[in-house]
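Protein chains in written order, with this note's numbering: chain A, 629 to 741; chain B, 6 to 118.
The set of hints was computed from the structure by calculation and includes no laboratory data.
With the C-beta cut set under 7 Å, the calculated list includes, among others, these residues of chain A facing chain B:
{"#": "1", "residue": "670"}
{"#": "2", "residue": "671"}
{"#": "3", "residue": "672"}
{"#": "4", "residue": "674"}
{"#": "5", "residue": "728"}
{"#": "6", "residue": "731"}
{"#": "7", "residue": "733"}
Listed below are the simulated BS3-like cross-link pairs for lysine-lysine, each with C-alpha atoms no more than 25 Å apart in a straight line:
{"#": "8", "chain 1": "B", "residue 1": "19", "chain 2": "B", "residue 2": "69"}
{"#": "9", "chain 1": "A", "residue 1": "680", "chain 2": "A", "residue 2": "631"}
{"#": "10", "chain 1": "B", "residue 1": "60", "chain 2": "B", "residue 2": "71"}
{"#": "11", "chain 1": "B", "residue 1": "25", "chain 2": "B", "residue 2": "69"}
{"#": "12", "chain 1": "A", "residue 1": "733", "chain 2": "B", "residue 2": "46"}
{"#": "13", "chain 1": "B", "residue 1": "46", "chain 2": "A", "residue 2": "631"}
Just so we're clear, the structure is a prediction, and the values are computed from it rather than from any experiment. No residue lacks a Cβ here, since even glycine has one placed at the ideal position from N, Cα and C.
So you can see what is in the structure, the chains are spelled out below.
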Amino acid sequence: DAKTTQPPSMDCAEGRAANLPCNHSTISGNEYVYWYRQIHSQGPQYIIHGLKNNETNEMASLIITEDRKSSTLILPHATLRDTAVYYCIVRVASKGGADGLTFGKGTHLIIQP
Amino acid sequence: GAVVSQHPSRVICKSGTSVKIECRSLDFQATTMFWYRQFPKQSLMLMATSNEGSKATYEQGVEKDKFLINHASLTLSTLTVTSAHPEDSSFYICSATGLNEQYFGPGTRLTVT
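With the rest of the complex left out, here is chain A (with noise of 0.2 Å):
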């Protein structure tokens, strides 16, 4: 799978967007975009996917560049509860769910009141 950069930390006031980046420079034509998030203590949780789209659902927007090498998370207005650590995840998508998820180190988004 190949691997993502983010920041390691972001803060956000509440009400406003918080837009997280992820680089992936070296992603493949068959491997795909997710996020995850995990707020403290608690088991990660999917947010949404992508191939080179843009999509959107009840959480979050995910755009990603025409090149793909690059995406960004949109949580349209962010809330004290959406303060988590959020993982950019790259993976073929084909697998299903078949292979294990190799987290990296992620993005501590910080909502303030």
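Dock chain B against the given chain A, drawing on the hints supplied.
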């Protein structure tokens, strides 16, 4: 979304004893389950992959005789930490594959005294 539970959520045991942690997929059948370990201020590290009815596959550096994994049914996998030592104290998290995604349990905090 799919629900994965773990039991117990927290356990304290004496050095030299064994501890069993259960991971259950509550509303779906999981042919594959994974076990991760997370030390304080670190990211999740995959320990092993567990397939129903077959032997688990361990990651490099994980002792299979120390961390016994049993996946006897499509909804239950167990991790037994044998002869636990203080350095085994960690946050143990399982995940289960369902609908081509991985769903994580809430984690088990193990403290070995």
